[in-house]
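Going line by line, the protein sequences match chains A and B. According to this note's numbering, the residues represented by the first sequence are 884 to 1244, in order. According to this note's numbering, the residues represented by the second sequence are 7 to 136, in order.
Hints are computed from structural coordinates only; laboratory data are not their basis. The beta carbon of each residue, even a glycine, is placed where N, CA and C say it ideally should be. Among the hints, a few may not be true.
Residues on chain B that point at chain A, a partial pick, calculated with CB under 10 Å [said to hold, decoys possible]: (1) 15; (2) 17; (3) 21; (4) 27; (5) 28; (6) 37; (7) 43; (8) 46; (9) 126.
In silico lysine-lysine, DSBU-like type, Cα no more than 35 Å apart, as pairs [claimed, not checked]: (10) B/77 to B/61; (11) A/1062 to B/77; (12) A/1222 to B/61; (13) A/1222 to A/1188; (14) B/77 to A/1222.
Some but not every residue of chain A turned toward chain B, in silico, with C-beta under 7 Å [as the list claims (entries may be wrong)]: (15) 1000; (16) 1005; (17) 1006; (18) 1007; (19) 1010; (20) 1011; (21) 1101; (22) 1103; (23) 1192.
The lines below spell out each chain.
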Amino acid sequence: MTVAIVLSAALAALVLAIALVLPAINSPTVPFGVRVPAQRADDPTVVRQTRVYRWRVLLSGIVAIGVCLAIYGMTGETLLLPLSVLVLVGFWYGCFFLANHEIRAAKAAGGWYEGVRQGIAVDTELRTDPPRFPWLWLAPALIVTIATVVIGVISYPSMPDVLAVHYGAKGIPNRLAAKSIGTAFSLVFVQIGVTALLVGIAAAILFRSRPDIDPAHPAGSAHWHRRYMLLGARALLGLLAMIDLAMLGSSLLMWTGTVTPWAPLVVVLPILAAVAVAVVVFARNNRARDEGEEDTGLTHREDDKYWRSGLFYVNREDHALMVPRRFGLGWTLNFGNPKAAMLLAGVVALIGLVITLRFAG
Amino acid sequence: MILNVDLASDVPIYQQLRDQIVEAIADGVLAEGSSLPATRALAADFGINFHTVNKAYDLLRQQGLIQLNRKTGAVVTTTVADPLFSADWTARARTLLAEAVARGLSPEEVLESCRSILDSFGTTQPEETP
């Protein structure tokens, strides 16, 4: 119970912090997901919307958490606490959309793109000399997975005949299963699945994403993008190592038949810590640094029409699987690409597997 | 190498691509034997039709600046200028110099800017990628 409160509070604080910081770390020429020429980045409308957005987010945060706490106080339902994070994300999107809408309207009314020289910049080295996959960063995840298998195989004979495969809210097992390879090693299968998925996403970022290079400062922008891609891949592999570690910890509890109220923490703490670290790493490097490159006089081409609701990139003509997010950290899928649907199906299947293994029933 | 296409320019995109690749070769950014991206990959990165990239590559191939090969893709080659090229290039330079003289630039100024452009080639070193 206390665990649920602390975790939900941590998650809500993380979401709130990201929401408040984002306008300052996203590209200044894409305020709230609207592409604007550089000379309009500090337009009064943009400045005002940024201020209003921050107030709205702060207020929504207080309201969402307050209401959820009040209902929780009356009903004592722990499920409401993680729900408050979801409600907060919903409010957050509302705040984003209002700002996006206002800036889009000002852009159309003021003809911000009239007389602007639009260009496209490409770094050919990304294709002729692509960044190398950081195999070394995959090593911790592989070592943890192999260690889990080895420990499991060695201790299999001494495991209890009945294993707890599902825990209730207070860490008390409420579903048991007879010992078998399938039940004892269920989390190893999760480890393997997550490893395959995250390695796939890291590879997609490195080799199947399209950079969004600023034609006004192409060299600095290309340099930054290369660095950001490598950082992204490493952050994902670090997260993977922590997920695998969480599965190892959880497996050990299952195999030894340990029952403790802090069992969920073994899973959630490493993952939450890794997510927090990854968010900080992304946030600190999210904006290209000014390297004193001379302005070429070109502006990024107007491409708002491909961004549905300001957030979802849908472009059938674009062969890229992933593109940098306009509002947020990291990358987003190109939903116009059929392969993106396959990747999404993979994620959904994996989440479904985890839920049926751990939480369902 | 950075390719930067101006969508508002009167110069067609394939011509801009071709010109920038020629300049990169003169600059030393593209050394002999360095490869260019596949046509489809480059077109995808630009979000333009791959025929446009094809056209630029074809021009470069005709002018002996790159070799197109099914296996290795587009590779930069340097062929020594033949008399035909020299004559053709002189004719084009003549028009360009005539423009400067017709607009009242002094021969010294014209020579000075020619010299500084020639000097600027080869000063850009290919960037080390970490």
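These are the hints, each one checked on the structure:
Taking 10 Å as the C-beta cut-off, the interface hint given for residue 15 of chain B holds, the closest approach to chain A being about 8 Å. Residue-level restraint check for residue 17 of chain B is violated (minimum Cβ-Cβ distance to chain A is 12 Å; threshold 10 Å). Look at residue 21 of chain B: its Cβ only gets to about 15 Å from chain A, farther than 10 Å, so that hint breaks. At a threshold of 10 Å, the smallest CB-CB gap from residue 27 of chain B to chain A is about 9 Å, leaving the interface hint in force.
Evaluation of the residue 28 of chain B hint against chain A yields a violated restraint, the C-beta minimum of about 14 Å exceeding 10 Å. Taking 10 Å as the C-beta contact cut-off toward chain A, the hint placing residue 37 of chain B at the interface is violated, the least distance being around 12 Å. Hint status for residue 43 of chain B: holds, given a least beta-carbon distance of 4 Å to chain A, under 10 Å. Checking residue 46 of chain B against chain A: minimum C-beta separation of about 8 Å stays under 10 Å; hint holds.
Because the smallest distance between the Cβ of residue 126 of chain B and any Cβ of chain A comes to about 14 Å, over 10 Å, the interface hint for this residue is violated. Only pairs whose Cα atoms come within 35 Å are accepted, and residue 77 of chain B paired with residue 61 of chain B is accepted, the gap being roughly 19 Å. Distance check on the hinted pair: residue 1062 of chain A and residue 77 of chain B sit about 55 Å apart at the alpha-carbon level, beyond 35 Å; violated. Restraint check for residue 1222 of chain A and residue 61 of chain B: the C-alpha separation of about 29 Å stays at or below 35 Å, so the hint holds.
Annotation: proposed proximity of residue 1222 of chain A to residue 1188 of chain A holds, straight-line Cα distance about 21 Å (limit 35 Å). Straight-line distance between C-alpha atoms of residue 77 of chain B and residue 1222 of chain A comes to about 26 Å, which keeps the hinted pair within the 35 Å bound. Because the smallest distance between the Cβ of residue 1000 of chain A and any Cβ of chain B comes to about 5 Å, under 7 Å, the interface hint for this residue holds. Interface restraint check: residue 1005 of chain A against chain B, minimum CB-CB distance 4 Å, threshold 7 Å, status holds.
Restraint check, residue 1006 of chain A versus chain B: the minimum CB separation of about 6 Å is within 7 Å; hint holds. Look at residue 1007 of chain A: its Cβ gets to within about 5 Å of chain B, closer than 7 Å, so that hint holds up. With its C-beta approaching chain B no nearer than about 4 Å, residue 1010 of chain A sits inside the 7 Å limit, and its interface hint holds. For residue 1011 of chain A, the interface hint holds, the least distance from its beta-carbon to any beta-carbon of chain B being 5 Å, beneath 7 Å.
Hint status for residue 1101 of chain A: holds, given a least beta-carbon distance of 4 Å to chain B, under 7 Å. Taking 7 Å as the C-beta cut-off, the interface hint given for residue 1103 of chain A is violated, the closest approach to chain B being about 10 Å. For residue 1192 of chain A, the interface hint is violated, the least distance from its beta-carbon to any beta-carbon of chain B being 21 Å, above 7 Å.
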